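Colleague: Based on these hints, arrange chain X on the given structure of chain R.
Protein chains: 2
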Amino acid sequence: MSNVPYKIYLPEESAPRYLHNIRAKMKDNIEPLLHPGTLKPCTKEDLEAVFCKKSAEQELNTKDEYIEIPEDLIGFYRMYRPSPLVRAYCLEKMLDTPAEIYYKFEGNNTSGSHKLNSAAAQVHYAKEQGITSLATETGAGQWGTALSMACAYYGIELDVYMVKISAEQKPYRKMVMETYGANVIPSPSNMTEAGKKILAETPDSCGSLGCAISEAIESSMKKDNCRYVLGSVLDHVLIHQSIIGLEAKMACDMYDIKPDIIIGCAGGGSNLGGLISPFMADKLDGKNNIRFIAAEPASCPTFTRGRYAYDFGDTARTTPLIKMYTLGSGFMPSPNHAGGLRYHGMNPVLSKFYHDGHMDAVSIVQSEAFKAAVTFARCEGILPAPESSHAIKCALDEALKCKETGEKKTILFGLSGTGYFDMMAYGNYNSGQMTDYIPTDEELEKGFATLPKV
Amino acid sequence: MSNVPYKIYLPEESAPRYLHNIRAKMKDNIEPLLHPGTLKPCTKEDLEAVFCKKSAEQELNTKDEYIEIPEDLIGFYRMYRPSPLVRAYCLEKMLDTPAEIYYKFEGNNTSGSHKLNSAAAQVHYAKEQGITSLATETGAGQWGTALSMACAYYGIELDVYMVKISAEQKPYRKMVMETYGANVIPSPSNMTEAGKKILAETPDSCGSLGCAISEAIESSMKKDNCRYVLGSVLDHVLIHQSIIGLEAKMACDMYDIKPDIIIGCAGGGSNLGGLISPFMADKLDGKNNIRFIAAEPASCPTFTRGRYAYDFGDTARTTPLIKMYTLGSGFMPSPNHAGGLRYHGMNPVLSKFYHDGHMDAVSIVQSEAFKAAVTFARCEGILPAPESSHAIKCALDEALKCKETGEKKTILFGLSGTGYFDMMAYGNYNSGQMTDYIPTDEELEKGFATLPKV
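Quick mapping for you: the protein sequence lines, in order, are chains R and X.
Numbering-wise, our numbering comes out as the position in the first sequence, counting from 1, plus 268.
Numbering-wise, our numbering comes out as the position in the second sequence, counting from 1, plus 268.
If you're looking for bench data, these hints aren't it; they were derived computationally from the structure.
Honestly, I wouldn't trust all of these hints.
If chains are identical, the list can't say which one is meant, so a pair holds when it fits in one copy or spans any two.
Unchecked claim - Below, simulated DMTMM-like cross-link-like pairs (lysine to aspartate or glutamate); rule was C-alpha separation at most 20 Å, straight line: (1) 465 x 486; (2) 361 x 340; (3) 671 x 364; (4) 275 x 339; (5) 639 x 665; (6) 721 x 336; (7) 714 x 325; (8) 639 x 704; (9) 361 x 339; (10) 295 x 709; (11) 677 x 528; (12) 361 x 461; (13) 293 x 704; (14) 669 x 636; (15) 275 x 340; (16) 295 x 313; (17) 669 x 296; (18) 551 x 624; (19) 361 x 665; (20) 295 x 711; (21) 639 x 446.
Every value quoted in this text rests on a predicted model; they were computed, and no experiment measured them.
Pulled out of the complex, with its shape left as it was, chain R reads as follows:
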């Protein structure tokens, strides 16, 4: 038995006091956000009309590698962080692999995922600025729950536009948000012009993140002293999520753990981007040769089958244009896809890393992800989120390759959350009713046809 404990918890006093901004390390910077009207690079003022000032500032900050965490936010983080870096001894034993497997577990909080890291930061900044209410969207529900928790703590009102199919599949998620005082509206709704338009075209629409974003932005613009916040895709969210990677790296350093492979599930990219941020900085400096892998669903294959192009973040085409891997803002994932990771686009920094060959991506069908999830749950004692299960499946595959070759690789993956509110999907899987979906090329072409001409 190695001297590494099952769970490495950093002492609170050595927890990170600075967040990491990977863009400061990139030689070629990413292409700027473009204003949807003028097609010119967005200014701070453009962004401040929608986002909190600090988020806008961070979104445009490509210079500072380290950004100080406010004292008050450090207090919030201490409620549930540092999160453990877990050595998966039981999984290794069950797989009989020479690989060492580690996971950074972000599910030990009531939101059930890493989303609370950015929610707390954004609500802290909103409060500091004197904002009194916020609006957002949520897909699988983790982001909405996380934001509800942060808003309850800081005393801020919150409207959450929740993708309708998720609201139906996960009624308890809605109740958790309501317990924390949030106002939850299934999207598309009749509360906004964007929602009304979708409902007029597709009355039985099951919703999409892109549509819910349009609704949340529109509703935030109509309210006094209100701003829009979002939980993934943009670079300021990645900065907040870098706390995952910073802690993971410190824990690795404590025990001289040197990952060969780092895996994260990828929807909008916040979990993956946060996890790899400081490791990638070292890679860009030539200090490691880690293989980074994005694990995405085959039903929403943004990296593996998407295009690297400027696109809107929402279906109503109101957001800035983002240079990213995308399936087109008109892409709608199949309703049989469970959980999150259903967004059409991908964080621009991760998109550039993938485009430049610094990162790999694999796509995974959902029944394989759930099979891996059940294997993991039974020997590691944690029932994972469907999203995280994509990373688990990828980690299992890599560990089994090591078994074949005899290589003793060190594999680290992000266990971004728990699946306690996804039991309907597990029930479908258990009863053999889960179906897989891989879009045809023709279906993808329909999405690509919605890409703007820039």
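Modeller: Only chain X this time, still in chain R's reference frame:
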């Protein structure tokens, strides 16, 4: 700010290697279990017919204060233990109390509660003995989930008789157990004579723990190489749960924290008993003067309105007779009571402590428990189990008394679990539809009328 961190995690290598058996410290020992047929004290052989050998041995062991934890079980515990002792800084600030508030949080595992501590121990012992299948009952579902997890890990088959009203209120609990491979049967069922009898008398029975116990015992007796296991009430379960108190005491000692009050919710007593065990040992030695408080639901007031008498553990009157506080095995709590803590009896050791004046008890109506739960969730970031919320309410009351008097007491309570599978109850509370229930004296008399004449 004190030097105590938000969360005290013991290093894994200093985690307890021995469990605590409080009976070895008691001057007057508790009265023995009686065989239901002969009314003579139960022998090891009597108990081994129903329970695993090790559980039977521990149930009768009143001599050894410390019992070694098997190496393999230590490995299982390391998956999710040591659990944190949390300083409730945010709650203290919100209440503006001079009291220091701590909670031992047992919810950071997929079973969502402390129940996994005894489940892992009992399944380990069953495996060691060569048992291939187990049967049990579950009320709120935590015990069934915990046992499913332990059985999946050790490769043991499991039948769970789940109180029907809980199975209906918490469909997702059932799916979690099934994901871990358990066979879940709503109780009363047609699978057993005990279930059939209840259904014949009360076709729309919503079930009770007492009835589900009868069914599980009967079904375990019919199967080859099968034993019955239970998750509370009996003394061997308290031994397993003492790991909560042992860790809590070590964490307190590390930071020189001296609790004045220790509070736990009480249903069958496993959480409360486990938490207070080593602290009570010191109290019996005159080393502290801690006030211990059992927080129980007003709808099932075993301590505060029950009788100290010999009674059966189940409704079919098949278990040994237990000297305990009880409402009578025929007592059925109101269906509007959410969550667990609905058992008619109470662990015999705790019963004796209460009877002898070593422990206090308070009863709490459920809407007050939920109110406290929401207050706690919003400032401490954890959505508590309805059961644990009784302890929270009691802790809030004590902290507010300190605010009035200016006393700087140290309050420690057990946060036994999370409420992620209790959202229907939270939904009822949020929408103002939650009702309270306090049994009338006449209703209690009906329960007492079912007490055996011993």
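Colleague: Can you name, in rising order, the numbers of the hints this structure does not satisfy?
Modeller: 6, 7, 10, 12, 13, 16, 17 and 20
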